[in-house]
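> This is what each chain is made of:
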Amino acid sequence: MQVGLTHYLIVSALLFCLGLYAVLTRRNAVAILMGIELMLNAANVNLVAFNKYVAPAALSGQVFALVVITLAACEAGVGLALVMAAYRNLETVHVDEINLMKW
Amino acid sequence: MGELAAFIILSAIALVSAVVVVTSGNIVRSALSLVPTFLGVTGLYILLQAEFVAGIQVLIYAGAITVLILFVIMLTEGGTGLRVRQVNEQVAAGLLATVVLAGLLIGVFLRTDWPRGPGALPQYTAEAIGRTFLTTAVLIFEVTSLLLLVSLIGAIIVARRER
Amino acid sequence: MTINWPLEVVKAVLAAVIVFTFLAVIGAMLGVLLERKIGGWIQSRLGPKHVGRQGLLQTVADTIKLLQKEHITPHAADVAIFNTAPLIVAVAGLLDWIVIPFAPGLIVRDLNIGVLFFAAMASLTVVGILAGGFASNNKYALLGGLRSASQMISYELPLAAALIAVAMEAGTLSTVSIVEAQARQGWFVIWQFPAFVIFMIAATAEVNRVPFDLPEAESELVAGYFSEYTGMRFALFQLGEYAEMFAMAALATTLFLGGWKGPILPPLVWFFIKMYAIVFFLMWMRWTYPRLRLDQLLNLSWKLLLPAGLVWILITGYRITF
Chain A
3 MQVGLTHYLI VSALLFCLGL YAVLTRRNAV AILMGIELML NAANVNLVAF NKYVAPAALS
63 GQVFALVVIT LAACEAGVGL ALVMAAYRNL ETVHVDEINL MKW
Chain B
28 MGELAAFIIL SAIALVSAVV VVTSGNIVRS ALSLVPTFLG VTGLYILLQA EFVAGIQVLI
88 YAGAITVLIL FVIMLTEGGT GLRVRQVNEQ VAAGLLATVV LAGLLIGVFL RTDWPRGPGA
148 LPQYTAEAIG RTFLTTAVLI FEVTSLLLLV SLIGAIIVAR RER
Chain C
47 MTINWPLEVV KAVLAAVIVF TFLAVIGAML GVLLERKIGG WIQSRLGPKH VGRQGLLQTV
107 ADTIKLLQKE HITPHAADVA IFNTAPLIVA VAGLLDWIVI PFAPGLIVRD LNIGVLFFAA
167 MASLTVVGIL AGGFASNNKY ALLGGLRSAS QMISYELPLA AALIAVAMEA GTLSTVSIVE
227 AQARQGWFVI WQFPAFVIFM IAATAEVNRV PFDLPEAESE LVAGYFSEYT GMRFALFQLG
287 EYAEMFAMAA LATTLFLGGW KGPILPPLVW FFIKMYAIVF FLMWMRWTYP RLRLDQLLNL
347 SWKLLLPAGL VWILITGYRI TF
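Protein chains in written order, with the working numbering: chain A, 3 to 105; chain B, 28 to 190; chain C, 47 to 368.
Simulated from the structure, these hints should not be mistaken for laboratory data.
Treat the hints with caution; some may be incorrect.
Cβ-Cβ distance ranges computed for the label pairs, FRET-style [to be verified]: (1) B:Leu31 x A:Val56: 55 to 63 Å; (2) C:Phe368 x B:Gly52: 53 to 61 Å; (3) A:Ala57 x B:Val118: 36 to 44 Å; (4) C:Leu152 x B:Glu154: 21 to 29 Å; (5) C:Lys57 x B:Trp141: 30 to 38 Å; (6) C:Gly98 x B:Arg187: 51 to 59 Å; (7) B:Val118 x C:His121: 44 to 52 Å; (8) B:Ala120 x C:Glu116: 48 to 56 Å; (9) C:Arg99 x B:Leu31: 49 to 57 Å; (10) A:Leu92 x C:Ala107: 54 to 62 Å; (11) A:Arg90 x C:Gly217: 42 to 50 Å; (12) B:Glu30 x C:Ile366: 36 to 44 Å; (13) C:Thr367 x B:Arg187: 33 to 41 Å.
A partial selection of chain B residues facing chain C, derived with a Cβ cut-off under 10 Å [what the hints assert, rightly or not]: (14) Met28; (15) Val55; (16) Glu78; (17) Ala81; (18) Ile83; (19) Ala89.
Not close to chain B: a few residues of chain C, all C-beta gaps over 12 Å, as computed [claimed, not checked]: (20) Leu80; (21) Arg91; (22) Leu92; (23) Thr109; (24) Lys111; (25) Pro150; (26) Ala165; (27) Ile236; (28) Leu311; (29) Pro312; (30) Leu314; (31) Tyr322; (32) Tyr335; (33) Val357.
If you're wondering where the values come from, they're calculated on a predicted model, not measured in any experiment.
Note that the Cβ used here is the ideal one computed from N, Cα and C, for glycine as well.
Start from the sequences and build out the full structure, keeping to the hints where you can.
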């Protein structure tokens, strides 16, 4: 049996759903960020797989994957800085306890 | 045959450690499990003949982002968060939504007949990617670098201690 | 393209076993002995002398001693992470060697992303160090781990800048092609001298050696991130560290000193002469300079080496374009 596009898409769908589960259920902001990283990875697997199987001549998929990796690094940096700021001011990293704006 | 075996092993590594990432009650173990997940995905990139993306993936994700995450965990709660509840009240709803979405996506993927494009991947993807970034994709390249700069400054300003 | 999978797997395993055995025996064991001998010489001592002829078997004896020692796991340590951390460091240190060309054809794999692969594998060490520091459940180990992580992350950037400048000059990322480019254009230590200086400083900091050995500063932190490790796990940390130091020396040889090329003597001999010259230089630095303070260390990286590296990339780009 050959490994085809569908195999990669299924793996990436599972990875994406695991990330989504972390985002939906975790309380710790850092764990939510980890879930987002998993989802971005899943998207990257899709991009690279489509690049190989659907449009191999143009390298757009890999170029896009590299841009997404860069954006993930930005997101991690800013997101973790926000977590640090929240921890410093509110002394918690649990998103359900950060409720100053809610009443 | 060998490709299939490699694919199954690498996917299993990525998915099993991703399950540990999202379910472990110990946040440090979650963060460390990210490393095998990222390395498994790196293996998938290599199977897809995207060596340059694979190298960048290890360098940025496994080497930098994981360390950043571990750093923030240790600066915010250290080892003290071990006995704290890690999940909110939406576990059942979240699980349901996730399973439904996974079923939906996989169903769509299995039913769709994907087109196969002509041509082949260039032999040295690193060089071809460099050329693409400086010709057709030069705009996103510049915008991305600007974004990197902005997020660098933004992260420093947000995280620094108020004077 | 058809690949004979079983054959390829067998070849990869054989190459791994040969390279890793060589590294463990020649690299780490001889390296430790060399370190102590050079240290003794610089400090007007004799160094190890009694086991074997002129202390040649000292490291073998030390390894046997370490193998016999009890594995002590600290109270309330995170056992799974505690046991895995030394393995991550050792494996990451050994994986660097995959792209090092010892002689024509004598390379585990000539990857076309060779230099990038090296940087990626070197960056994996941090995870092992941070994990070991955390899992030991000891404040000195944790402090050492955090210091090490901030140091290695900071020095990865100048290191990458130096590698980028060399790759631009050679027009390739493959280590074999870089050696061949130097046969045409002359050694890059001349054309890329600033990159060489940046690389040597950043590489010394990457492998946590004096004067950048804050993560394991004995006088402040007991032994840093491996304070709690005993026996073979401790030896694995040491093996990883020495493997990485030798890998950095081998990469410097490949990128800046023309690799295996040289007159009269066979290529392998030239490679080892150059590599050991760099190793000697690193050891010489260790026994000569005092340790930096943490803020000096980070300032050096962010305010001096990184801007210098970026400016050098710009100059290299200008030179090869016009």
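> Please settle this one: tyrosine 322 of chain C was flagged as non-interface, so is its CB more than 12 Å from every CB on chain B?
holds (29 Å)
> Kindly confirm whether 48 to 56 Å is satisfied by the beta carbon distance between alanine 120 of chain B and glutamate 116 of chain C.
The hinted range 48 to 56 Å holds for alanine 120 of chain B and glutamate 116 of chain C, with Cβ atoms some 50 Å apart.
> Classify the hint on glutamate 78 of chain B as holds or violated, based on whether any CB of chain C lies nearer than 10 Å to its CB.
holds (5 Å)
> Using the Cβ atoms, figure out if arginine 90 of chain A sits within 42 to 50 Å of glycine 217 of chain C.
Holds - the Cβ-Cβ distance for arginine 90 of chain A and glycine 217 of chain C, about 48 Å, lies within 42 to 50 Å.
> Holds or violated: is the Cβ of isoleucine 83 of chain B closer than 10 Å to a Cβ in chain C?
holds (7 Å)
> Indicate whether the distance between the beta carbons of phenylalanine 368 of chain C and glycine 52 of chain B respects the range 53 to 61 Å.
holds (59 Å)
> Are glutamate 30 of chain B and isoleucine 366 of chain C spaced within 36 to 44 Å by their CB atoms?
This hint holds: roughly 39 Å between Cβ atoms.
> So tyrosine 335 of chain C supposedly isn't at the interface. Is its beta-carbon more than 12 Å from every beta-carbon in chain B?
Holds, since 27 Å exceeds 12 Å.
> Would you assess whether leucine 92 of chain C, listed as outside the interface, keeps its beta-carbon beyond 12 Å of every beta-carbon in chain B?
holds (41 Å)
> At a threshold of 10 Å, is the proposed contact between alanine 89 of chain B and chain C supported by beta-carbon distances?
The hint holds - alanine 89 of chain B has a Cβ within 10 Å of chain C, the shortest such distance being about 6 Å.
> Is the hint on alanine 81 of chain B kept, meaning its closest Cβ partner in chain C is under 10 Å away?
Nearest chain C Cβ about 8 Å off; hint holds.
> Given the hint of 21 to 29 Å, is the C-beta distance from leucine 152 of chain C to glutamate 154 of chain B inside that range or not?
holds (26 Å)
Hint check: violations occur at hints 1, 7 and 26; the rest are consistent with the structure.
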